[in-house]
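Please construct the entire structure, taking both the sequences and the accompanying hints into account.
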Amino acid sequence: MIDKPTELLIAAWGILAAENTIERILEVVGQTSRALCEAEYTTIAFVENNKLHYVHAEGIPADSIKKLRHDLGTGLSGKVAAEGKPLRMRLPTSGESKPSELTNLPSPRSVVCVPMRFQGRTIGTLQVFNKLLAPEFSQDDEERLQTFADQTAIAVERFRLNERLFAESRRIKGLFEAMTDGIMVVDSNGDPLMYNKAVESLFFPDGRPNYALTTYLSTLIKLGTSSGQAEVVLFKPHGVVLSNRYVAIHDKHGNPKEYVVSIRNITDQRALDRRFSQFFAIILRKSDRLLHRAQKEKKPSARRRLLCRLSNLSKNLVFLTELRGGPLRIDKEPLNLIDIYNKIRLRFLHRFEKAGIKLVDEGIHGAPGIAIRAQKKLIMQVFETLFAKGRLALRKDEEIIFSHTVEKECVKVFITFHGSNIKELITPESFDWNHQVDCIIEGESRILDLELAFIRHIIQAHKGVVCISKDADDRAIVQFDIPLDEQAPKAQEEGNT
Amino acid sequence: MTLVSLCKNTKKYNFDKSLKVPSHVREIENIRQHLEGMFDLLKYPVKIKMSIFLALDEAMANAIEHGNIAGNPPLEVAYSLTEHVCILQVVDFGGHTFNPEYFERLATIKDWGMGGRGIFLIKKIMDEVYYFFDPGKSTTLVMIKYSSPEAVPPSVPSLPL
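Protein chains in written order, with my numbering: chain A, 30 to 526; chain B, 953 to 1113.
Some hints here could point you the wrong way.
[To be verified] As a list, the in silico DSS-like pairs of lysine-lysine whose alpha-carbon atoms are at most 27 Å apart:
no., chain 1, residue 1, chain 2, residue 2
1, A, K95, A, K114
2, A, K499, A, K452
3, B, K1089, A, K226
4, A, K361, A, K372
5, A, K344, A, K328
6, A, K406, A, K372
7, B, K995, A, K251
8, B, K999, A, K251
9, A, K406, A, K437
10, A, K114, A, K160
11, B, K969, A, K286
12, A, K286, B, K1089
13, A, K387, A, K437
14, A, K96, A, K80
15, A, K160, A, K95
[Claimed, not checked] Covered stretches of chain A, as calculated for chain B (at least 3 residues, CB under 8 Å):
no., segment
16, 239 to 248
17, 261 to 268
Derived by calculation from the structure, the hints in this document are not laboratory data.
Here a beta-carbon is modelled for each residue, glycine too, at the ideal position from N, C-alpha and C.
In structure tokens, the structure reads:
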């Protein structure tokens, strides 16, 4: 035959073992301790940061203990919490002073206060007040309450552990989701146990079902190694390249239990690497064909033409290498832009005249010098390239116009090509080397000409800007700005030519 | 994340049959004959059957010609067949990684040089194509074809476990 207190304890343990909300745990603890000791009311306090916080009351209004807290070692329950030993006493009803924490409680006459202990540590206290039908609590009441308090401590700690685990799990899930790379944990059967959104978007683009993940996991698990890395091409319908690393987690018998797989989408990186491999393969194949033809060619003039094309290809490959290599390294020196222009002008004047092309640059004569800091050879290359393009693109009676304006910090140079053939030869795309590389790779263009792209590279290296505009079908204006030499004496005056 | 979870229905699948095949082109015909009866039994349309054979021919030819270079180790050909889906796997043990996309385009762009026809055809013919590279060890090509356009799964289909 089980006595009533034991029956109460067993019932309470059953409930506490299953409860997952702290409010319900406290309610059960309050009700049970009250019934267990036949007390008028009960209070529960927890230790937090060296203070005792009252969290629950049963049998009195909750407001009586609201915000009640005191230091460990002070007051009745503070002493119990600090020493970890129970305290049972009859309280003075009048005249003598009561412990401070009891002043808010309704007429306390007797009390048992026991510590809630977990693994040798006091996590709180449990108090019952005013024994019903007796002036004070007995030794039996104290022992029963202590047994129950220890059990309560386990339930509370279990709840707290669950809370911590839940928070930790949410944190890990947050980390998982924040990752742009896919990460997943699968069991040895290939069942996904944990995974982030990136996995879903990598394997199921547009939410369409397919066998990719199943096939992927089957292949991965079949490898049977403890760790490794592999490359996967989900060729159709995904069109992505994945790089994955995996680690097997073994059970105590050494059998693989779970696999942690990290998946990175390397499609763009691979595409970039291979883009240039493909490009160089195309150009080298072209060069090889040209060389072969030149070796076989008997006519010296034809051979010269082939060799000239071969030389152009090599020159463009050098340009491309420089363009890919990042900003051009330059060695600046003080220069006069007008002098440089005149040098190139002299070189081309005869050629333009011979072809009947008009060079319109009257304003340049007598113009004051324009001081810039630049690498002479490269600035000469800019003019030379543009004039050479003009010579190729323009026909008889068509014109090339040079003008410039000096502004506060830079000089703006305009070279206008006016001719019927301009629209194909001098285009915004011809300044974009990436576009040209793509056209060659895609087979849309057979001619590689990076000269104009390279002059943009030169101007950018001098902290200038290049742009091309077309105000009519037969007119293209190439404009480039170069910063003025700030250290030069203010010889140049603002003005237009 | 329903689609990933649905993979639980498919789990790690094992192929119905896995064959070790000598690395020689004459074996392509043997594999064809081996599969032909099964396709007929499952009532695969002739057009689908021929498409699968063409893709298999190309995959095996690639594995034999380009995959196995050192010592010509045998290939592994595995398959799983249901009335709705055919999954074929060809494994060579050369362990060379490559970019199938490059070879696919090689077949279409004149300037790029020779090759790539096989990969181009496989991609064109099959519904799903996956390459798994274990560098220095093996290259696995998995090709999946549904028996009819209607057989494309509304959700991830069940496979033999």
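Here is what the structure says about each hint:
1. A/K95 to A/K114: holds, 25 Å
2. A/K499 to A/K452: Status holds; Cα separation ~9 Å.
3. B/K1089 to A/K226: violated, 31 Å
4. A/K361 to A/K372: At roughly 19 Å apart (the allowed maximum being 27 Å), A/K372 and A/K361 satisfy the hint.
5. A/K344 to A/K328: Satisfied, since the Cα-Cα distance of roughly 24 Å is no more than 27 Å.
6. A/K406 to A/K372: holds, 12 Å
7. B/K995 to A/K251: Not satisfied, since the Cα-Cα distance of roughly 31 Å exceeds 27 Å.
8. B/K999 to A/K251: violated, 33 Å
9. A/K406 to A/K437: With Cα atoms ~25 Å apart, A/K406 and A/K437 stay inside 27 Å; holds.
10. A/K114 to A/K160: holds, 20 Å
11. B/K969 to A/K286: holds, 26 Å
12. A/K286 to B/K1089: With a Cα-Cα distance of about 24 Å, the restraint between A/K286 and B/K1089 holds, given a limit of 27 Å.
13. A/K387 to A/K437: violated, 31 Å
14. A/K96 to A/K80: holds, 12 Å
15. A/K160 to A/K95: Holds. A/K160 to A/K95 sits at ~23 Å (cutoff 27 Å).
16. 239 to 248: holds (count 10)
17. 261 to 268: holds (count 7)
Checked against the numbered hints listed earlier, the structure breaks hints 3, 7, 8, 13; every other hint is satisfied.
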